[in-house]
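Engineer: Note that the protein sequences, when read in sequence, are chains A and B.
All residue numbers for the first sequence refer to the numbering used here, where the first residue is 1 and numbers rise by one.
All residue numbers for the second sequence refer to the numbering used here, where the first residue is 1001 and numbers rise by one.
No lab work stands behind these hints: they were computed from the structure.
Certain hints may be false.
Here's a subset of chain A near chain B, in silico, CB distances under 8 Å, partners left out [as the list claims (entries may be wrong)]:
| no. | residue |
| --- | --- |
| 1 | A27 |
| 2 | P39 |
| 3 | T144 |
| 4 | A150 |
| 5 | L275 |
| 6 | Q281 |
| 7 | P285 |
| 8 | L289 |
| 9 | A297 |
| 10 | K299 |
| 11 | D307 |
Non-contacting residues of chain A with respect to chain B, defined by C-beta distances greater than 12 Å in every case (computed) [what the hints assert, rightly or not]:
| no. | residue |
| --- | --- |
| 12 | G2 |
| 13 | F35 |
| 14 | Q195 |
| 15 | P218 |
| 16 | L305 |
These figures come from a predicted structure and were not determined experimentally.
Even for Gly, the Cβ is constructed at its ideal location relative to N, Cα and C.
Residues per chain are reported as follows:
There are 2 protein chains.
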Amino acid sequence: MGALTTQSGRSLAALSETEIIQRIVAALSDACPVFPAGPGGDCAVFENQSDQKYRVSTIDSVILGRHFDLACSGAKAGRKLVQRNLSDLAAAGATPSDALLSFIVGADVESDWLEDFAHGAGRAAANVGLKIVGGDICRGTMGTFSATLALQGHSSRILTRHTCQVGDIIFVTGKLGGSIYGHHLDFMARLKEGQWLCAQSTVTACTDLSDGLAKDLPGLIGSRFNARIDLGAVPISEDAQALAKADGKPGLEHALQDGEDYELLFTSSPTQADLIAATFQKNFPKTLLSQIGKVEAGKGEVFSLADNQPIKSGGFSHFD
Amino acid sequence: MGALTTQSGRSLAALSETEIIQRIVAALSDACPVFPAGPGGDCAVFENQSDQKYRVSTIDSVILGRHFDLACSGAKAGRKLVQRNLSDLAAAGATPSDALLSFIVGADVESDWLEDFAHGAGRAAANVGLKIVGGDICRGTMGTFSATLALQGHSSRILTRHTCQVGDIIFVTGKLGGSIYGHHLDFMARLKEGQWLCAQSTVTACTDLSDGLAKDLPGLIGSRFNARIDLGAVPISEDAQALAKADGKPGLEHALQDGEDYELLFTSSPTQADLIAATFQKNFPKTLLSQIGKVEAGKGEVFSLADNQPIKSGGFSHFD
Chain A
1 MGALTTQSGR SLAALSETEI IQRIVAALSD ACPVFPAGPG GDCAVFENQS DQKYRVSTID
61 SVILGRHFDL ACSGAKAGRK LVQRNLSDLA AAGATPSDAL LSFIVGADVE SDWLEDFAHG
121 AGRAAANVGL KIVGGDICRG TMGTFSATLA LQGHSSRILT RHTCQVGDII FVTGKLGGSI
181 YGHHLDFMAR LKEGQWLCAQ STVTACTDLS DGLAKDLPGL IGSRFNARID LGAVPISEDA
241 QALAKADGKP GLEHALQDGE DYELLFTSSP TQADLIAATF QKNFPKTLLS QIGKVEAGKG
301 EVFSLADNQP IKSGGFSHFD
Chain B
1001 MGALTTQSGR SLAALSETEI IQRIVAALSD ACPVFPAGPG GDCAVFENQS DQKYRVSTID
1061 SVILGRHFDL ACSGAKAGRK LVQRNLSDLA AAGATPSDAL LSFIVGADVE SDWLEDFAHG
1121 AGRAAANVGL KIVGGDICRG TMGTFSATLA LQGHSSRILT RHTCQVGDII FVTGKLGGSI
1181 YGHHLDFMAR LKEGQWLCAQ STVTACTDLS DGLAKDLPGL IGSRFNARID LGAVPISEDA
1241 QALAKADGKP GLEHALQDGE DYELLFTSSP TQADLIAATF QKNFPKTLLS QIGKVEAGKG
1301 EVFSLADNQP IKSGGFSHFD
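Isolated chain A, as found in the complex (with noise of 0.2 Å):
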């Protein structure tokens, strides 16, 4: 048994991503402690002894190839990276305090590109306070470029997933699909939204849009909840509706299936789902805020509205 196979039903490439996670969590076995404080939310969540009631930490990557490509500009690039792990902050609620920048880099990585993509990080964190406090750099084979970075925040109340009550209604923030078109690159993680809505006692439970909206609203609910989406609610954005007219398929299914919106998804209790749906706005008035939808009882499936039909989870996956 080696590192590596060429036989393809032993490799990765025979399992999903959901698959190899299960696999390592369980292989991981006493050291993974169980959700909340391990594996499954945005964010790993800690109780502290001090004011900052929550400590919570989460890490990503950039890889070229495939987050970027040769094109994207170093800048970008390490922007991207910053504002990836701060929107899973920002489904938490929390506020960024420090983080550890990692890189494994080719030695035909151009120098100047790198610094412009430390520059474009550096510049992305300052803006939220966030201090990068350390980090290392080790050299991979040539033409290869990943930097990976591991995040620390804080906050008095953390927002998670699966904490959702039958009768909740859902939200998503801003248009979703075609993120492809540019805003995987140019998006700002919802960092002042989610703290917001963490300060909200009604707001019972949130996550970031990564892998579509098809296949993490499964992921927000829990297997004991199923929710019903009104399609036509769902806010298509003008690159889904681009891509649609380029690839035939329609922009709503754009809008459920495509990874990297990094937008916001939240379940408020209903008697306050009207004050919550104004009062956001009044806040931020330049994010969209929709209602798509209702939690209901169930075992973790995403029904239509209008025609009961499933909507099946044919999302972004890191390994199909």
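Knowing the structure of chain A, use the given hints to seat chain B on it.
Structural biologist: Here is chain B on its own, set in the frame of chain A:
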């Protein structure tokens, strides 16, 4: 300007690891605090408002083909990732608390091998009470595997670099050199020893040996001091002797220049050095401790005690 270049003068191949890190730190600008809160030590250090006065963090990776080869078991590679990071915490004298684990894997990575990797990492973590609380997995190019661990710890006092004084005595644990013969996969981080040293107020500075004594010693003492080393007192490992027979270089050169010893290099005030040595050996009878030299005023250079010759660093550097 793109991520990769075919002009070697514009690529990272033209720079040393130190130059690359200096450029990144400069480019991160305001986002990057100065040492010891920022880069330059084994860990980044934060002050807390709790009994555990300090929080520390560090990040490190293992890469297939660089830190282990195709013949290495998953369990050994996973164990190495955890021990490498723990060694940085040992140098600070801190207690590990939680970590995030990130993978970048080609689709041809064997799934059983990856599971074995997680087993090895999980066991090494559980042995020291470290929790792996979250992570991430991304697909990389075929034939590649890397794993990155971001580790947090805490302590009521922290050992760091650049804090020794003129006259301090220099000690090193274990035997040095020849790690490539197996030690680099089989070592245990000197966590207990580091915590004990940290509790002794007369221990003034500490680091772990990852790039070789000749390179790590200037890093420990900093630019205001020199070190004078009794080369006859440098502990040479059996593997360094065996390697010397194979390649014709002196065993001492391997002990000074080889990387991945993962031993502790520390300084103590001269009046208490004998007491530190005796009490250390009583507490850790199986860990060799050698007094190898002393700290003088200077500018970050290392000299031989016997003949006053400079000891240059030809130690391991990732980009040479």
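Engineer: If a hint holds in the structure, say so; if it does not, say that too.
Structural biologist: Tested hints:
no.	hint	result
1	A27	holds (4 Å)
2	P39	holds (5 Å)
3	T144	holds (7 Å)
4	A150	holds (3 Å)
5	L275	violated (33 Å)
6	Q281	violated (32 Å)
7	P285	violated (29 Å)
8	L289	violated (28 Å)
9	A297	violated (29 Å)
10	K299	violated (25 Å)
11	D307	violated (36 Å)
12	G2	violated (5 Å)
13	F35	violated (10 Å)
14	Q195	holds (20 Å)
15	P218	holds (19 Å)
16	L305	holds (34 Å)
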